[in-house]
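With the hints as constraints, model all of the structure from the sequences given.
Protein sequences, first through last, are from chains A and B. For the first sequence, the numbering used here assigns the number 1 to the initial residue and increments by one for each residue that follows. For the second sequence, the numbering used here assigns the number 158 to the initial residue and increments by one for each residue that follows.
Heads up, a few of these hints could be off.
A short list of chain B residues far from chain A (calculated; beta carbon distances all over 10 Å) [said to hold, decoys possible]: (1) Ile177; (2) Asn449; (3) Ala454.
Cross-link-like lysine-lysine pairs, in silico, DSSO-like; alpha carbons within 30 Å at most [to be verified]: (4) A:Lys47 to B:Lys378; (5) B:Lys369 to B:Lys349; (6) B:Lys504 to B:Lys378; (7) B:Lys378 to A:Lys12; (8) B:Lys301 to B:Lys349; (9) B:Lys218 to A:Lys92; (10) B:Lys562 to B:Lys355; (11) B:Lys342 to B:Lys301; (12) B:Lys355 to B:Lys301; (13) B:Lys218 to A:Lys147; (14) A:Lys152 to B:Lys218; (15) B:Lys355 to B:Lys342; (16) B:Lys201 to B:Lys369; (17) B:Lys556 to B:Lys355; (18) B:Lys438 to B:Lys369; (19) B:Lys504 to A:Lys47; (20) B:Lys457 to B:Lys218; (21) B:Lys504 to B:Lys556.
For the record, the hints were derived by calculation from the structure and aren't laboratory data. Just so we're clear, the structure is a prediction, and the values are computed from it rather than from any experiment. We put the beta carbon where it would ideally sit given N, CA and C, even for glycine.
If you want the building blocks of each chain, they are given just below.
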Amino acid sequence: MDSERVVELLNKSLGAKIKEISAPNPRRVYVTLDPADIVECARTVHKELGCRFNIASGMQMQRDFEVLYHFAFEDDTPAGVVATLRVHLDEKAPSVESISHVVPAAEWIEREMRELLGIEFRNHPDMRRLLLAEDWPAEVYPLRRGKPWEGKIEKKL
Amino acid sequence: MGRKDREETVSDNKERIKSIVPIGPYHPLQEEPELFRLHVEGEKVVDVDVDIGWNHRGIEKLAESRSWDQVTFLVERICGICSNSHPLAYVQAVEDCAGVQVPERALYIRTIVAELERLHSHLLWIGLAGHFLGYNTVFMWGWKYREPVLDIFEEITGNRNHYAMMKPGGVRRDVDPEYFPHIRKQLDEIEKQITMVKGAVLDDPVLHARLKGVGVLTREKAIEYAAVGPVSRASGVPSDIRRNHPYAAYDRVEWQVITCESGDVFDKAVVRILECFETIKIIRQCLDNIPNGEIDARLKEVPPGEGIGVAEAPRGEVFHYVRSDGTNLPIRHKVRAPTYMNLPTCKATVVGQSITDATIILAAIDPCYCCTERISVIDADTHKQVMTGRDLVRLSQEKTLRLRKGLGL
Chain A
1 MDSERVVELL
11 NKSLGAKIKE
21 ISAPNPRRVY
31 VTLDPADIVE
41 CARTVHKELG
51 CRFNIASGMQ
61 MQRDFEVLYH
71 FAFEDDTPAG
81 VVATLRVHLD
91 EKAPSVESIS
101 HVVPAAEWIE
111 REMRELLGIE
121 FRNHPDMRRL
131 LLAEDWPAEV
141 YPLRRGKPWE
151 GKIEKKL
Chain B
158 MGRKDREETV
168 SDNKERIKSI
178 VPIGPYHPLQ
188 EEPELFRLHV
198 EGEKVVDVDV
208 DIGWNHRGIE
218 KLAESRSWDQ
228 VTFLVERICG
238 ICSNSHPLAY
248 VQAVEDCAGV
258 QVPERALYIR
268 TIVAELERLH
278 SHLLWIGLAG
288 HFLGYNTVFM
298 WGWKYREPVL
308 DIFEEITGNR
318 NHYAMMKPGG
328 VRRDVDPEYF
338 PHIRKQLDEI
348 EKQITMVKGA
358 VLDDPVLHAR
368 LKGVGVLTRE
378 KAIEYAAVGP
388 VSRASGVPSD
398 IRRNHPYAAY
408 DRVEWQVITC
418 ESGDVFDKAV
428 VRILECFETI
438 KIIRQCLDNI
448 PNGEIDARLK
458 EVPPGEGIGV
468 AEAPRGEVFH
478 YVRSDGTNLP
488 IRHKVRAPTY
498 MNLPTCKATV
508 VGQSITDATI
518 ILAAIDPCYC
528 CTERISVIDA
538 DTHKQVMTGR
548 DLVRLSQEKT
558 LRLRKGLGL
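In structure tokens form, the structure reads like this:
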């Protein structure tokens with residue numbers, strides 16, 4: 001399997017939902033999708049194409065937020081491809097449907113992205129904090145860019 | 158929601174749940190504290206809740222303020238045991254982004270260091286698993302036979318830990334062939350010793366009785382949780398990054414992916430022990446076939462773009478993603494360690510098992526989790542400590558002893 005074959009597979013199964021697809025080298029594929037389609041596409045890639053979910057990376061760019069869902073195409077041949085599904089989210093109120101219902105392994109990373117970047121994952125089954133402490137102030141997201149937070153944490157005894 | 162709310166959800170179930178057994182959160186011997194809340198009814202575990210983030214160091218954020226070269230040293234500090242896997246995955250992500258070809262000799266050196274790391278990490282786990290079960294001889298063996306591996310590290314990298322060998326575009330220093338005969342001799346010795354441990358562990362009827370059918374992770378669950386490394390291979394999923402996404406020199410040497418079928422603690426041990434032999438095989442071939450030449454592609458700058466690097470750490474796949482805007486700092490660096498995927502599988506493996514088996518099941522995923530001195534059993538109503546970590550290890554060891562007597566040994 002190489003990226004050409006993966007591009008072909010993805011074009012066939014995701015069809016018109018693909019906004020942009022590129023394969024910079026034989027081991028990597030990047031697909032841009034509309035945020036509204038992500039659950040359906042994740043289901044297809046994970047369940048029908050049998051890909052292993054690697055992880056998701058969230059990041060704040062200059063004008064928007066990006067969430068990248070990395071999936072590994074693996075078969076018995078020694079040539080796996082990492083395919084990345086990318087969605088762009090609104091800068092003011094980043095929000096996207098959770099994929100945890102179709103990809104249970106994504107549960108933790110969505111919790112992590114919410115608390116570190118402030119991206120809302122709608123309909124997540126268990127949206128508790130994962131990494132940050134209990135007394136960490138709400139609405140302060142450590143991985144966001146911009147002005148550092150200047151408030152004070154009240155010490156509870 | 159904070160941790161308080163979690164306690165409330167727990168208390169909603171108060172009629173059913175008799176006690177909570179907290180395991181963690183602080184373990185002085187491990188690099189990542191974590192807290193397991195075992196909800197138990199009598200001896201049986203009915204639910205488990207994992208709580209992480211006790212020692213979150215913000216390495217992803219720190220990486221955004223370090224140059225490409227400095228990040229290599231930063232990610233090396235993520236884990237002391239896997240201190241080669243993270244830099245290896247990271248430099249591969251940078252190379253993926255920059256599109257550079259790494260010289261052959263560097264690929265072989267990377268393979269040697271990565272496999273030596275697997276060898277010492279697996280031996281360390283064998284020792285710890287032995288201790289949990291009351292096989293303190295196995296503990297002493299495992300750690301004693303690990304020492305020569307660390308000596309080899311010192312010879313070829315200059316350090317017993319934190320080898321600082323990886324570098325975007327190649328490796329930082331060359332390996333002197335003068336040391337090869339000595340390494341070969343040491344490997345022969347280690348192979349003999351592991352063969353002995355293999356016989357002692359895998360043919361022991363008590364261990365069969367103690368570990369078979371305990372903490373089973375089925376193939377379906379392993380795929381659902383996207384488990385990686387020895388945990389998934391013990392459940393029959395032949396997922397090995399070295400085979401599926403070849404990097405370094407793994408596609409240039411002969412070796413086997415070890416898999417087992419049943420996914421219990423015994424199979425997880427089998428996979429790790431048998432992998433040690435494959436590892437020795439790989440190192441020998443690398444020493445025999447290592448080509449001469451450059452060790453560094455001399456990467457000058459990283460162009461704008463993005464790159465992904467994956468590597469098989471002793472515990473499973475390490476995943477690194479970097480985004481570059483053409484400056485000398487990454488604008489985003491995502492790190493995913495293998496335990497992040499393997500830890501949630503404890504929901505499938507621990508629930509329904511007895512508390513005497515919980516320590517070994519949790520230890521079977523090798524979660525960089527070694528000190529159980531901090532485990533204590535606390536009565537949920539009175540908050541009184543009823544058992545300490547030592548008691549739990551003793552419980553686990555006593556069960557082994559009972560089995561041994563029952564078998565007439």
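- Task: Sort out which numbered hints this structure fails and list those numbers smallest first.
- Result: none
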